[in-house]
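Enquirer: Letter by letter, the chains look like this.
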Amino acid sequence: MVKRIQVATRGKGLTEITLAVAEVVRAAGVDEGLCTVFIQHTSASLVIQENADPSARRDLERWLDRLVVEDDPQYTHTSEGPDDMPAHIKAALTATSLSIPVASGQLGLGTWQGIYVWEHRHRGGRRGVLVQVG
Amino acid sequence: MVKRIQVATRGKGLTEITLAVAEVVRAAGVDEGLCTVFIQHTSASLVIQENADPSARRDLERWLDRLVVEDDPQYTHTSEGPDDMPAHIKAALTATSLSIPVASGQLGLGTWQGIYVWEHRHRGGRRGVLVQVG
Amino acid sequence: MVKRIQVATRGKGLTEITLAVAEVVRAAGVDEGLCTVFIQHTSASLVIQENADPSARRDLERWLDRLVVEDDPQYTHTSEGPDDMPAHIKAALTATSLSIPVASGQLGLGTWQGIYVWEHRHRGGRRGVLVQVG
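Residue numbers (our numbering), protein chains in the order written: chain A, 395 to 528; chain B, 395 to 528; chain C, 395 to 528.
No false leads were slipped in.
Here are some chain A residues pointing at chain C (derived, C-beta under 7 Å):
1. Phe432
2. His435
3. Tyr469
4. Thr470
5. His471
6. Met479
7. Ile483
8. Ala486
9. Leu487
10. Ser491
11. Leu524
12. Gln526
Straight-line distance between alpha carbons at most 30 Å, and here's what the computed DSSO-like set of lysine-lysine pairs gives:
13. C:Lys397 x B:Lys397
14. A:Lys397 x B:Lys397
15. C:Lys397 x A:Lys397
Think of the hints as simulated: they come from the structure by calculation, not from any bench. Ideal placement from N, C-alpha and C gives every residue a C-beta, glycine not left out.
Let's have the full structure, built from the sequences with the hints guiding it.
Expert: Put into structure tokens, the structure is as follows:
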């Protein structure tokens, strides 16, 4: 079973999708198996991070922003705006796909784990995410 | 088939779990398929690295330590200790899940590949890892 | 179904394997499912990146080259050449496995996504890649 969900991001940062993914798992009715989340973009990515304290996600976002700067004079791929090349690099350093075992019909996430879409463009947009359960 | 294994880490660094994962694959009795390893934490992660020369794993650990420093004045998430925010960043830059094809009943690892839990906290602890074979 | 493909890389950089992976999916005849790509090496890795403008892939390659330098005096794992330790680090920061949902018999890639082997050694070589469809 493959379902496509659309995630509206409001600019750079993390948008939680744990509940939407869990809903696909529930609908699939699989007791033991695997749930794979895949993002269909190269300027946004996926990450599993702490779901408790928002300061951890903010610090994470800012840290990556300082590592992959916008005004790098060595970029040649600049036609799509100053945030496009950094977005591709950030996507390459994080995850495009994540696979989470399903046991007793539920995602095997740890207590403090949430699944997030990580938007790397300033403007954000509608991001397509495939969720496969099998 | 989903099995949970517990990995005791002794502070920062890599702990090999290849044999424990291979044992789950053997017990599952699957001839061709997929083995997924998933870590249920956000301050420890997974990595496949060279299993031969330990100096490669030591250099890897030290390199990441220099990239993601502890005493960054820009961190605001500091309530859980100076090594907590760096641990979340390191986890985001490495893997939370890894999937390895199974062929002829065995993990399809290359000759020099080992599967490791990468502990990012000083203290270490018991880390939950799910292994799914299907 | 697990198939091993061999990818000849010509030194550092990205080599596209999207068509080869799609061919394995076609041959498997699976309508809905999951395709997992796994590289059997620790000095080369996998990445999904923009398949349109080659300048994005060149900038990505150069950016990682500047982040993970060759002449780092702190490396102790130097016996296999100056590009070996950086190659292990780069592999750890990118992907060893990627999983892509299959729907209507096709890889669920976004319009601008291509699958690439990322060679991190100067010399390149023959890289073994497993493709599992199930």
